[in-house]
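Protein chains: 2
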Amino acid sequence: MSFQAWMQAIRERTATALDRRLPLSSHAPQRLHEAMRYACLNGGKRLRPILVHAAGEAAGAKPETLDFCAVAVEMIHVYSLVHDDMPCMDDDTLRRGQPTCHVEYDEATALLVGDALQTQAFITLADTPLQPATVNALIRSLAHAAGAGGMAGGQAIDLAAVGQQLDAAQLEQMHILKTGALIRAAIRMGGLAGESLTPEALEQLDRFGKVLGLLFQVVDDILDCTASTDVLGKTAGKDAASDKPTYVSLMGLSGARAFANDLLSQAQQLIAPLNTRANRLQEIALEIVRRTH
Amino acid sequence: MSFQAWMQAIRERTATALDRRLPLSSHAPQRLHEAMRYACLNGGKRLRPILVHAAGEAAGAKPETLDFCAVAVEMIHVYSLVHDDMPCMDDDTLRRGQPTCHVEYDEATALLVGDALQTQAFITLADTPLQPATVNALIRSLAHAAGAGGMAGGQAIDLAAVGQQLDAAQLEQMHILKTGALIRAAIRMGGLAGESLTPEALEQLDRFGKVLGLLFQVVDDILDCTASTDVLGKTAGKDAASDKPTYVSLMGLSGARAFANDLLSQAQQLIAPLNTRANRLQEIALEIVRRTH
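Chains as they are written, first to last, in my numbering: chain W, 1 to 293; chain E, 1 to 293.
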């Protein structure tokens, strides 16, 4: 199967799995359930589910098992977007070309949507059909990536950084937490779900995940600067306009592109020992960078 | 040990355990960590930790193990208070006699505090030193109680109910989800942590938990109507002022008091077969009702 067709197949199976793991909008409280579905089922890129499946394939996990991990990590991602878009945070009105959740519904509903999606992620993960000890390891990985020592902590640093001059190390630390932790967890969870990787191979995957997370953010900053709102499906130039530090503001556009290429090389070297089993991971790293050219 | 001294001892050990399981405010992001601590360590009543320990004592669990469950359920409770107090929800400025989190810090920080506390609850629970299958059961119990089919769903029904006329069954359904689910989960988690109760005894505990949750809400409605802001440590009369349905608005004050007494009898009967092991649970049920007289 071509890489593009494979990614599309993962997107489709993830949409099906999300649909199955979200509460029915015909059941009370209908408005909350409908809004949870609105936030999740809107044709996202599904990068994190794709990473779960790619790493899971490298670790010999079953796709049906990986769906639980993919849904869980995507729900955490979507909850963070819903809360991040709210007026007290980024105050964004457009997401994936559609009105954001608090615009389509209301702020109180958006708050509860994010809260309930986070919980639903852990409900889903707890149902993963694997050994209880593996399920616990999955829950730990996702929770550590999502909480104060991961994504939520990164958001807090991001908030505090508005209007500040960060150096490269501080910016990297913020992004490693804010977006990197969840990307890394997606890859780690795919690896854990195989239940057969050596600790060394899992560690190698984990380091790959860390580099890939950073790569994703550098590319995101480049796109925020170069692409139009129409192409992105979200408001372009938002970070620059709100005086948030980015890799482009720090390194310039060509510096950020060079850094992205350097991270791509690191990622490729880290994953090389896994050989052909990691082909999908190699393709994903290339695909992320391709968007900038 | 007297019941009052026992409750105080649980409050103190819970504060110590919360302190240990919360990120240090000396570590970045400091403001988020400090605000998480502000929200959690302010001398709450700790009803849910007390329920965990009382049920755990009945089930023969170790207090040191129960601390993990107590911290986790309290963090979920506190996160819900922080989000519930925000301007887009109840817009409350006073909680336990102190400024609410978004007043003391800011809305964006309060949003992240709630998000990160929810995650921290699952991190804590995943670390509980019990069999992996028991840990999974604990995580499932808490997640089901907190999510769209529990507390968050109850909040959504509550939002939709403002200005509406609910009947007794609808009001009960809302409260069973909004506050009851977490109280019930606290008792269930204590029971699970013993790793020795029969399914029948666990089921009995669970039914007790359901009745106790409802009892707690009826008493809360009575207090909201009869007590002063000074005594409550939160704004009194808030529900009536915002036209939210309560047991008092539905049944009148004497009707609500009679209903509370009826629920107390049910609770006492349900727990009677557990004999002296359930003494603390009996005392808690009495204590909840005592506040109304």
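Because the hints were derived from the structure by calculation, they are not lab data.
Glycine included, C-beta positions come from ideal geometry on N, C-alpha and C.
Hints are supplied without guarantee of correctness; some may be wrong.
Away from chain E, derived, C-beta distances all over 10 angstroms, residues of chain W [what the hints assert, rightly or not]:
#1 ARG20
#2 MET36
#3 SER80
#4 LEU81
#5 HIS83
#6 ASP115
#7 ALA116
#8 ARG140
#9 GLN204
Incomplete in silico selection of chain W near chain E, CB under 10 angstroms [said to hold, decoys possible]:
#10 HIS27
#11 ILE76
#12 GLY97
#13 PRO99
#14 VAL103
#15 GLU104
#16 VAL113
#17 THR119
#18 ALA148
#19 ILE176
#20 PRO199
#21 LEU202
#22 PRO273
#23 GLN282
#24 LEU286
#25 VAL289
The hints, checked one at a time:
{"no.": "1", "hint": "ARG20", "in the structure": "holds (14 angstroms)"}
{"no.": "2", "hint": "MET36", "in the structure": "violated (7 angstroms)"}
{"no.": "3", "hint": "SER80", "in the structure": "violated (8 angstroms)"}
{"no.": "4", "hint": "LEU81", "in the structure": "holds (12 angstroms)"}
{"no.": "5", "hint": "HIS83", "in the structure": "violated (6 angstroms)"}
{"no.": "6", "hint": "ASP115", "in the structure": "violated (5 angstroms)"}
{"no.": "7", "hint": "ALA116", "in the structure": "violated (4 angstroms)"}
{"no.": "8", "hint": "ARG140", "in the structure": "violated (5 angstroms)"}
{"no.": "9", "hint": "GLN204", "in the structure": "holds (24 angstroms)"}
{"no.": "10", "hint": "HIS27", "in the structure": "holds (9 angstroms)"}
{"no.": "11", "hint": "ILE76", "in the structure": "holds (9 angstroms)"}
{"no.": "12", "hint": "GLY97", "in the structure": "violated (25 angstroms)"}
{"no.": "13", "hint": "PRO99", "in the structure": "violated (17 angstroms)"}
{"no.": "14", "hint": "VAL103", "in the structure": "violated (13 angstroms)"}
{"no.": "15", "hint": "GLU104", "in the structure": "violated (15 angstroms)"}
{"no.": "16", "hint": "VAL113", "in the structure": "holds (9 angstroms)"}
{"no.": "17", "hint": "THR119", "in the structure": "holds (3 angstroms)"}
{"no.": "18", "hint": "ALA148", "in the structure": "holds (4 angstroms)"}
{"no.": "19", "hint": "ILE176", "in the structure": "violated (12 angstroms)"}
{"no.": "20", "hint": "PRO199", "in the structure": "violated (18 angstroms)"}
{"no.": "21", "hint": "LEU202", "in the structure": "violated (18 angstroms)"}
{"no.": "22", "hint": "PRO273", "in the structure": "violated (30 angstroms)"}
{"no.": "23", "hint": "GLN282", "in the structure": "violated (31 angstroms)"}
{"no.": "24", "hint": "LEU286", "in the structure": "violated (32 angstroms)"}
{"no.": "25", "hint": "VAL289", "in the structure": "violated (30 angstroms)"}
The earlier numbered hints that this structure contradicts are 2, 3, 5, 6, 7, 8, 12, 13, 14, 15, 19, 20, 21, 22, 23, 24 and 25.
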